[in-house]
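> Just so you know, the sequences run in chain order E and L.
Heads up: the first sequence begins at -19 in the working numbering, then just goes up one per residue.
Heads up: the second sequence begins at -19 in the working numbering, then just goes up one per residue.
Bear in mind the hints are in silico, worked out from the structure with no lab data behind them.
All of these numbers come straight from a predicted model, not from anything done at the bench.
Accuracy of the hints is not assured; some may be wrong.
A pair counts as met if it fits within one copy or between any two copies, since identical chains are not told apart.
[To be verified] Computed cross-link-like contacts, DSSO-like style, restricted to lysine-lysine with a CA-CA straight-line distance of at most 27 Å:
1) LYS49 x LYS88
2) LYS74 x LYS40
3) LYS49 x LYS87
4) LYS41 x LYS185
5) LYS(-1) x LYS40
6) LYS135 x LYS14
7) LYS135 x LYS155
8) LYS113 x LYS(-7)
9) LYS135 x LYS(-13)
10) LYS41 x LYS(-7)
11) LYS40 x LYS(-7)
12) LYS40 x LYS163
13) LYS49 x LYS14
Protein chains: 2
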Amino acid sequence: MDELFKKIKINPKDLQLYKIAFSHSSYANEHRAKQDYERLEFLGDAVLDLVVADYLYSNKKENEGEMTKVRASYVCENALYEYSMSLGLNNYIKVGHGEEKEGGKFKKAIVADIFEALIGAIYLDLGYATARKTVLNIIVPYIENPDIVFFSDYKSALQEYVQTSQQSLHYELIKEEGPAHNKRFTVQVKIDGIVYGTGVSGSKKEAEQEAAKIALDKLAI
Amino acid sequence: MDELFKKIKINPKDLQLYKIAFSHSSYANEHRAKQDYERLEFLGDAVLDLVVADYLYSNKKENEGEMTKVRASYVCENALYEYSMSLGLNNYIKVGHGEEKEGGKFKKAIVADIFEALIGAIYLDLGYATARKTVLNIIVPYIENPDIVFFSDYKSALQEYVQTSQQSLHYELIKEEGPAHNKRFTVQVKIDGIVYGTGVSGSKKEAEQEAAKIALDKLAI
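Chain E on its own, in the form it takes in the complex (with noise of 0.2 Å):
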């Protein structure tokens, strides 16, 4: 991991941290007596949490209404996932063998949580200092990027434009495949009978918001 560490330009200590933090429960199942990310995850997200209020505190004019909005978007499961492939973390994951894969890739929650589980193990070992500068390093250049906006709900997102704009909106399920265990749902998402966009997913519902979101990138929204 040392090339991730000095990408996120940290002098880890205690390196058992760091293992715990990209290890899911399917993985630390398969080999006992290890711990998994989840506890780390809790922590790491109350991190998030207060660095990104700091920030906004210090930085923007917002009331408490607009920060805890604000907030919510750089922390959503969108976010974390955007930063944490930036960061090339899902090269790291161990998932156990149980643990099954969508079209070759890590689930995306898992891929969200580890980054939380990451700066969680920051915070223990190197403290609060140097989990804020890091962490701050990886947001801000997102926050302060007005091209770039996180939506915990692309769908909610696609409808209120849509509403606005007095379109019809519609998602269709244009392919089902794959065993019950391991099926792969592709669904297109049309507005006014134009298809927007195309997603594919492990769940109908992730394969729509897949699709609401390249809507939304091509509406650019």
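Knowing the structure of chain E, use the given hints to seat chain L on it.
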């Protein structure tokens, strides 16, 4: 506020922050150019969540689901109100003339908010380490006292108890007095027809919660 600073063992640098921490919006509105405590409360809420998460992570063996539940009970309104009153923070609250009190006392929500706002002020003024130490000094005695349990919702807790013991539960509005804008409700809670608690408040719901809390204390739950 010197007495308070001595009690919580801090040496404040920026006194203005602490003034804001005790200023309700109704007071700020009447004294133009002053800020109210709401943004500090947002920040303090996040500090509290992290400090308690850290404490539970480091001192308990609970999984993340249990930690989430336990933390919720120690940062719920009833708990914050208790911490606030135990420090006498209510003596420093400033509200405007428009803000009605209930029975001569500040509303519970305001007293609870003030605690979070104070923690937010300490975090900004003296840093995370001092805020953490202050929070732990106040909260750990509650966490480690098996006789103290905070319920975010006393009525639900009582309902649960009564269901288990197969008794009947009934709330009765005994008295309703005062002018429309400042009503006082008196509610009794009866278990199997016997009065277990009486609550008095400006809202019927809150009076029921108070009555339920007294009943829970009597039942030693």
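> Look at each hint and say if it fits the structure.
Against the structure, the hints:
1. LYS49 x LYS88: So LYS49 and LYS88 pass the 27 Å test inside a copy (22 Å) and across (25 Å) alike.
2. LYS74 x LYS40: For LYS74 and LYS40, only the inter-copy Cα distance (25 Å) is at most 27 Å; the intra-copy one is 38 Å.
3. LYS49 x LYS87: both (26 Å within a copy, 26 Å between copies)
4. LYS41 x LYS185: neither (36 Å within a copy, 35 Å between copies)
5. LYS(-1) x LYS40: between (36 Å within a copy, 21 Å between copies)
6. LYS135 x LYS14: neither (38 Å within a copy, 41 Å between copies)
7. LYS135 x LYS155: Result: close within a single copy only, 19 Å intra versus 49 Å inter.
8. LYS113 x LYS(-7): both (17 Å within a copy, 23 Å between copies)
9. LYS135 x LYS(-13): Neither. Shortest intra-copy (34 Å) and inter-copy (51 Å) distances fail the 27 Å Cα cut-off.
10. LYS41 x LYS(-7): For LYS41 and LYS(-7), the Cα distance is within 27 Å only across copies (23 Å; inside one copy 38 Å).
11. LYS40 x LYS(-7): between (35 Å within a copy, 23 Å between copies)
12. LYS40 x LYS163: For LYS40 and LYS163, neither the intra-copy (45 Å) nor the inter-copy (39 Å) Cα distance is at most 27 Å.
13. LYS49 x LYS14: For LYS49 and LYS14, the Cα distance is within 27 Å only across copies (24 Å; inside one copy 37 Å).
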